[in-house]
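**Q** If you want the building blocks of each chain, they are given just below.
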Amino acid sequence: MVSVPGPHATYLNPILERHGHAAASLLQILREAQEHFGYVHPDALDYLSAQLRLPRARIEGVAGFYSFICLQPHGEYRVLFSDNITDRMLGSQTLMEQMCQQLWVEPGKASEDGLVSIGATSCTGMCDQGPAMLVNGRAVTHLSHQRVQEIAHLIRNRTPLDDWPGDFFRVEDNIRRKGLLLDSTLAPGDVLRAALAPGAADIVAAITASGLRGRGGAGFPTGLKWEACRLAQGAEHYVVCNADEGEPGTFKDRVLLTSHADLVFEGMTLCALAIGARKGFLYLRGEYRYLLEPLQAVLQRRRENNLLGACILGQPGFDFDIAIHLGAGAYICGEESALIESLEGKRGVPRSRPPFPVTHGYLQQPTAVDNVEIFCQAALAIHMGADNYRAIGTPKSSGSKLISVSGDCPRPGIYEYPFGVSVREVLKDCGAANTRAVQISGPSGVCVAESEFGRKLCFEDLPTAGAFMVFDDSRDLFEVARNFVHFFAHESCGFCTPCRVGTSMLKQTMDKIAAGHGTRYDLAEIEHLDQVLQTSSHCGLGRTACNPVLHTLRHFRPAYENRLKSLDFEPAFDLDGALARARQMTGRDDAGAHLKPEET
Amino acid sequence: MSRKLRIATTSLAGCFGCHMSLLDIDERLLALLELVEFDRSPITDIKHCGPCDIGLIEGGICNAENVHVLREFRTHCKILIAIGSCAITGGLPAQRNHLDLASCLTEVYLTEPGLAHGHIPNDPELPLPLDKVHPLHEVVKIDYFIPGCPPSGDAIWKFLTDLIAGKTPELGHGLIKYD
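Line order of the protein sequences matches chains A and B. Numbering of the first sequence is given in the working numbering, commencing with residue 1306 and proceeding in unit increments. Numbering of the second sequence is given in the working numbering, commencing with residue 5 and proceeding in unit increments.
Read the hints as simulated data drawn from the structure, not as lab findings. Please read these numbers as outputs of a predicted model, since none were measured by experiment. C-beta atoms are modelled at their ideal positions from N, C-alpha and C, and glycine is treated no differently. Incorrect hints may appear among the rest.
What the hints assert, rightly or not - Derived Cβ-Cβ restraints for the label pairs, each shown as a range:
(1) Asp1873/A with Lys51/B: 26 to 36 Å
(2) Asn1867/A with Leu96/B: 32 to 42 Å
(3) Asp1873/A with Leu96/B: 22 to 32 Å
(4) Leu130/B with Glu1340/A: 52 to 62 Å
(5) Arg1361/A with Ala35/B: 53 to 63 Å
(6) Ser1756/A with Asp166/B: 25 to 35 Å
(7) Ala1896/A with Ser107/B: 22 to 32 Å
(8) Thr172/B with Ala1523/A: 32 to 42 Å
(9) Leu33/B with Asp1348/A: 51 to 61 Å
Stated by the list, open to error - If the Cβ cut is set under 10 Å, some of the chain B residues that face chain A in the computed set are:
(10) Asn67
(11) Arg75
(12) Thr79
(13) Ala106
Could you put the whole structure together from the sequences, leaning on the hints where they help?
**A** Here it is, written out as structure tokens:
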């Protein structure tokens, strides 16, 4: 293949050097290339193809998969409004229209002068301080009419982002209730020092005895995972921290990585010691790009303090370091095997399992993939002792859980509770009034209505990854479900047909009902589609994509029924309206130029 | 012996390829005729559909007349089947969906030389085109779908014989295809 000379080589060469021309770093290379040039130019693809010895189609396939990688120019300022239901409830759609009007652009298109493009993106994890947006990858919070006006002004004047008011980019922790994790005053290295002497087998035994379970929602026993990984044969073992916090309504990892990064890295290093890993990755979602430099500074400080690198704490053979890998806007990469694919520089398509990552993970080597929170909890469990840790929470859910509260309540933010807290208690603490429903654990989780507010957040009852979105009695649960259905259709990775087609059909049917064309037949179709998605999807995304609809149908069926026509069937669009263009072009208005509704 | 079932067939915005596939059941047509009789269909040239058991429709909905025919079938057929890609998704004709209808008509009748003496035909005899081509199920309720472009004669045979026997039709491996 001929290498393409020209302007792209000059900025691509240092990037390629930095990543050792490794194909596994393709996503990082593409992301950095885009940060430099604004988008990934077709010539840049050719150049990368030659340099990395990868087919161009493979590179383009990866670039096309991630929504933050652009193959076309999208304006000097790329504005993406967070489109979670909590942003919408705070008026994001009006604000987006306002900005489009002020900058003379259509949503989703770049302006003709190449200045700006405005679009929407999935939840950016700022639900407690929305409406939020990303501008050239940087998070802006607390949008209001005034702020949008100011931003439009700054963009029109081509003010560099660094000169924007710092207030715009301020992300607050909003910690409202502390527990054993958020109250922790452990100094860097405390846990590692205590864990060095007992050694790997004892760490895993203590984690097992503490009853620690995954905090991403599935609740897999951490001790079992670490033990399997420790015993698995492989040339290298890897620790991966899943900070691809993509579930709409979740933002606890953002707070942990902002204010407790040391504890996260301490936990990862502890895990490395337990499973015998020398290399770890933090997979940071692209939306949290602004955390990259602060996190790298923490890593650097830890290296200087001998808490990372060779012979950690003077222990010969205890070598471990952590690299940060940035995602690029793909919810599916929160699934652990898709995340590993993404780490390897591929499209984030979930793998077939088994084999599981503990035996065949990153580069087919034994890999422990865990949630940000679990690394903190593991460090705490080791520090406190298994029995003390196990005493907190419920019998099958030991320890505490960080809950990300957003939506209709005066005090959104992070609440830490021992497992077993009831929905009602959380609602009381965040000041929610007239609550109609709570979406637990995000769109893929469970929608609970008032009759179930006594249910408890724990693995025995309501497992949760942490999202807790509150909807009061002014909210229409049909629109909530429709927003979630759109989310899944957008985030389907496209690998398996049931999910790729099914989520789109579900979206179309929900839109048909929203437009007032729905009938009972369509409700039956939704239930049928849900069955197909649940039984034949390749991964959890497809299996859970119908949850929002199933749950809201169960609790809030009238919200759907009120929109239905009383007929058995209605066309999906306005038939007579669809002839308007042809009537206009032909100048006809006779009876044959119209389509009347059918008589029933 | 129980009465013969009545079947109607038609092609809307399609190419008659699915009807050709129906003919591909070859000598089994004679066996089929033992079990059914044809109502409106290119086979009989009957112009309007009467009460039927089964309606088979190929092609999507591209104009007002398609809507009228489809409604006639829905009114008269107990079971309505969308057959082939165009009926199920809009298929090839739906490729015009990303173009504005007015620019299509302008391009064909006003810009390109040689057609319609430079004006867009507006005879009331002609059905008006819809702004987009739609699959059948967006206009009336459809009971069954036979995918394929076209589905094979064997698939159509299996589907019809299952229906006639009162079984929920199942196209197993090799009979379901999408191209």
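**Q** It remains to establish, for every hint, whether it holds in the given structure.
**A** Hint check results:
| no. | hint | in the structure |
| --- | --- | --- |
| 1 | Asp1873/A with Lys51/B: 26 to 36 Å | holds (28 Å) |
| 2 | Asn1867/A with Leu96/B: 32 to 42 Å | holds (39 Å) |
| 3 | Asp1873/A with Leu96/B: 22 to 32 Å | holds (31 Å) |
| 4 | Leu130/B with Glu1340/A: 52 to 62 Å | holds (56 Å) |
| 5 | Arg1361/A with Ala35/B: 53 to 63 Å | holds (54 Å) |
| 6 | Ser1756/A with Asp166/B: 25 to 35 Å | violated (45 Å) |
| 7 | Ala1896/A with Ser107/B: 22 to 32 Å | holds (27 Å) |
| 8 | Thr172/B with Ala1523/A: 32 to 42 Å | holds (36 Å) |
| 9 | Leu33/B with Asp1348/A: 51 to 61 Å | holds (59 Å) |
| 10 | Asn67 | holds (8 Å) |
| 11 | Arg75 | holds (6 Å) |
| 12 | Thr79 | holds (8 Å) |
| 13 | Ala106 | holds (5 Å) |
When the structure is compared with the earlier hints, a violation turns up for hint 6 alone.
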